[in-house]
Amino acid sequence: MNWMTTIFYFFGAITVLSALGILFTRNVLHATFLLMLSFFSVAGIYVLGNASFIGVTQLLIYVGGILILMVFGLMLTTKLNGKALVTENHNRLIGVLLGTVFFSILSYIIIFSANFEMLKSNKTLPENAVEFIGINLMSNYLIPFEIAAILLLVALIGAAVISEKRKEKQE
Amino acid sequence: MITLQHFLIIGISLFSIGLTTVIIKKNAILVLLGIELMLNGANVNLIGFSTNDPQIQGQIFSLFVIVVAAAEAVVALAIVVRVYQYFNTSNVDEPKELKG
Numbered sequence: 001m002n003w004m005t006t007i008f009y010f011f012g013a014i015t016v017l018s019a020l021g022i023l024f025t026r027n028v029l030h031a032t033f034l035l036m037l038s039f040f041s042v043a044g045i046y047v048l049g050n051a052s053f054i055g056v057t058q059l060l061i062y063v064g065g066i067l068i069l070m071v072f073g074l075m076l077t078t079k080l081n082g083k084a085l086v087t088e089n090h091n092r093l094i095g096v097l098l099g100t101v102f103f104s105i106l107s108y109i110i111i112f113s114a115n116f117e118m119l120k121s122n123k124t125l126p127e128n129a130v131e132f133i134g135i136n137l138m139s140n141y142l143i144p145f146e147i148a149a150i151l152l153l154v155a156l157i158g159a160a161v162i163s164e165k166r167k168e169k170q171e
Numbered sequence: 001m002i003t004l005q006h007f008l009i010i011g012i013s014l015f016s017i018g019l020t021t022v023i024i025k026k027n028a029i030l031v032l033l034g035i036e037l038m039l040n041g042a043n044v045n046l047i048g049f050s051t052n053d054p055q056i057q058g059q060i061f062s063l064f065v066i067v068v069a070a071a072e073a074v075v076a077l078a079i080v081v082r083v084y085q086y087f088n089t090s091n092v093d094e095p096k097e098l099k100g
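So the protein sequences, as listed, match chains A and B.
Using this note's numbering, you'd call the opening residue of the first sequence number 1 and step up by one each time.
Using this note's numbering, you'd call the opening residue of the second sequence number 1 and step up by one each time.
These are computed hints drawn from the structure, not numbers from a lab.
We put the beta carbon where it would ideally sit given N, CA and C, even for glycine.
You may find that some hints are simply not true.
Some chain B residues well away from chain A (every beta-carbon gap over 10 Å; in silico) [as the list claims (entries may be wrong)]: (1) 26; (2) 53; (3) 63; (4) 95; (5) 99.
Only pairs whose alpha carbons sit at most 20 Å apart, straight line, appear in this in silico EDC-like list of lysine to aspartate or glutamate [as the list claims (entries may be wrong)]: (6) 26(B) - 88(A); (7) 79(A) - 93(B); (8) 99(B) - 53(B); (9) 123(A) - 53(B); (10) 120(A) - 53(B); (11) 26(B) - 97(B); (12) 96(B) - 88(A); (13) 79(A) - 94(B); (14) 96(B) - 53(B).
Please build the complete structure, drawing on both the sequences and the hints.
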């Protein structure tokens, strides 16, 4: 086992354990910070999979953007009275059953019955992945890129319109 | 040697943990956290498949997945804040006006 594999197992263990911590903790704020830990180690997994640009993007957008947004949403949707924010569970049986069955079926397929030999290629990855992604985003993937821009604009305006305070109309 | 199976196992672990979180948690913010976990599991799969691909299409697709996840989180949080202002609760099972 070389050192890359060791680091991969390390990051994978942190990812899965902190995700399980989100499942088992009752404190909502602890869940948010465990999600941050999970996102950090997923970024490490991306870097080990030769996708360092995606890893940096993950850190910038998820850890720097979405998680801050989650903490703000948490702050705006709870009554702050000095006690810890705890949540309750429901549908426990069906949730755990569905998750376990899903995990068992898929891991059985991946480990024992799927055949990934066809995917093996002798071609090498592009030397400079960031340059490759940049050129491709501006040429081959231009239309998805523009649609993503429009989607972000629509989401921005939509979120502002939904969450604005409006006066109830008097008839 | 990191094989494709390693990536896929981590991806489905994240996906099933996220699915369970979405189903069993009552707080709407935690449901959103579960959705983010599921999207991350899908992204890990895409990165794993693109390690053998000279065109690295998986990496480019996972960029778009991250963009859509950001847009989804913003709109969903706006809806949660609105629901909290109207019903004074952030639990997903308490607003049941539509239940006949």
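To see whether the hints hold, each was checked on the structure:
no., hint, in the structure
1, 26, "violated, 5 Å"
2, 53, "violated, 7 Å"
3, 63, "violated, 6 Å"
4, 95, "holds, 13 Å"
5, 99, "holds, 15 Å"
6, 26(B) - 88(A), "holds, 6 Å"
7, 79(A) - 93(B), "holds, 18 Å"
8, 99(B) - 53(B), "violated, 50 Å"
9, 123(A) - 53(B), "holds, 8 Å"
10, 120(A) - 53(B), "holds, 9 Å"
11, 26(B) - 97(B), "holds, 17 Å"
12, 96(B) - 88(A), "holds, 18 Å"
13, 79(A) - 94(B), "holds, 16 Å"
14, 96(B) - 53(B), "violated, 49 Å"
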